[in-house]
Amino acid sequence: MLFQTLAVGLAALPAVVHGWWDMGHMFIGEIATQSMAAADVATVHALLVAQDDEFPNTHSITTTAIWPDLLKCNSVVSTYCPSPLQPALNIFDMFHFIALPVNASGGGAYKNLTSADVDKLLAEKLDGGADTFFTKALGTFNSTQSVYAAIFVTRFYIHAFGDVHQPLHAAAGVSPTFPQGDNGGNSVYLDAPCAAPSLHGLWDGGFAHYDKINWSPAFAPDTPSYASLVANATALLGKYADEVDPLAFDALLDVDYNTFVKAMANNGPASLLKQVFMRSYDNAHDAVYGGLNTTCTMKNGKCFVPCPSVAYSARGVETVERSFVLAGRRLAVILTQFARQIRALKLVHGTSY
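Those letters in the sequence shown? Residues -19 to -1, 1 to 334, by mature numbering (1 follows the signal peptide of the UniProt record, and there is no 0).
There may be inaccurate statements among the hints.
With a Cα cut of at most 20 Å, we get these calculated PhoX-like pairs of lysine-lysine [stated by the list, open to error]:
hint, residue 1, residue 2
1, Lys106, Lys117
2, Lys106, Lys92
3, Lys117, Lys283
Each pair of labels, with its calculated beta carbon distance range [as the list claims (entries may be wrong)]:
hint, residue 1, residue 2, range
4, Ala325, Ala19, 12 to 20 Å
5, Lys243, Pro68, 31 to 39 Å
6, Ser124, Gly88, 43 to 51 Å
7, Ala222, Leu66, 52 to 60 Å
8, Thr240, Asn55, 38 to 46 Å
9, Ala90, Ala130, 37 to 45 Å
10, Thr240, Lys280, 51 to 59 Å
11, Val236, Pro160, 42 to 50 Å
12, Gly282, Ser86, 17 to 25 Å
13, Leu326, Ala173, 48 to 56 Å
It should be emphasised that the hints constitute simulated quantities derived from the structure, not laboratory data. Owing to the predicted nature of the structure, the values given are computational and were not obtained by experimental measurement. Cβ atoms here follow ideal geometry from the backbone N, Cα and C, with glycine treated the same way.
Between the sequences and the hints, there should be enough to build the whole structure, so can you do that?
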């Protein structure tokens, strides 16, 4: 079965999921792959394969999407950290998110700021460095002659760009309980039984709506789980085929690289990267905290709130699915631009892997 059905409330679902860590990122990578020209996909793969000896089976857009999380593994856990290398490389954790403050208590906006107040809201950032990474990494492909640098930027961009489409990787709830923010929902625990132990985990796991798929070195196109992932990505593209990207990333598909970079990362509020953060912030305000019972019951110093309702979860699943598709289509434009620069800078020989 490709899709699980939300016929019951979240309280009846499994207690723990590992969702967006692997499956969600690979969904986005696969949607991007299916949205790109075959020649550009082959170019990106030809670059990524140069690091496959150390990190086997991370040489496709779909599988490399998990690589930045694999870097953080400091132990071998078969379900989500199967690398024997135990890289234990946590210095890039800040690249995975940006924490913009959102009012989690209901009522008005945080300090009367909304997503229309782009630069003022960004100035209130509580934590995270995704904004800095995205902007600076684009400059790498202007001139780099380092295959290592090109691989790092490509792998991390694929992952982190997907991350910031998860609303709780773009926002943190502020309330009397959490005046400095709730750590992107990680500090908000959910009463059991529930689909995840925390609010962040609930959204990371896509509300346990899909059959769980984890990456491993053996996760390959000829396996049933890989086929399921591809089929789900194809189905999502079909389901939201008429969805119009409000940020019109497609308009940048055929422009030159300098024009692309200026549109993505200029200093004005219309910068596409800033607008990505703002749209995800809106999802945090409306879909994550809107309608959520945030009244804490303190247990052992931790804030527990009721497991969300069926109506909340249904809205959440739709938000997650739309985020997957938008992130994948937008990523396809970014990777198409990267592929042209990879060829122009002669970073790979040939276009296959």
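Evaluated hints:
no.: 1; hint: Lys106 - Lys117; verdict: 18 Å, holds
no.: 2; hint: Lys106 - Lys92; verdict: 13 Å, holds
no.: 3; hint: Lys117 - Lys283; verdict: 37 Å, violated
no.: 4; hint: Ala325 - Ala19: 12 to 20 Å; verdict: 19 Å, holds
no.: 5; hint: Lys243 - Pro68: 31 to 39 Å; verdict: 35 Å, holds
no.: 6; hint: Ser124 - Gly88: 43 to 51 Å; verdict: 49 Å, holds
no.: 7; hint: Ala222 - Leu66: 52 to 60 Å; verdict: 40 Å, violated
no.: 8; hint: Thr240 - Asn55: 38 to 46 Å; verdict: 42 Å, holds
no.: 9; hint: Ala90 - Ala130: 37 to 45 Å; verdict: 40 Å, holds
no.: 10; hint: Thr240 - Lys280: 51 to 59 Å; verdict: 54 Å, holds
no.: 11; hint: Val236 - Pro160: 42 to 50 Å; verdict: 44 Å, holds
no.: 12; hint: Gly282 - Ser86: 17 to 25 Å; verdict: 20 Å, holds
no.: 13; hint: Leu326 - Ala173: 48 to 56 Å; verdict: 52 Å, holds
The earlier numbered hints that this structure contradicts are 3, 7.
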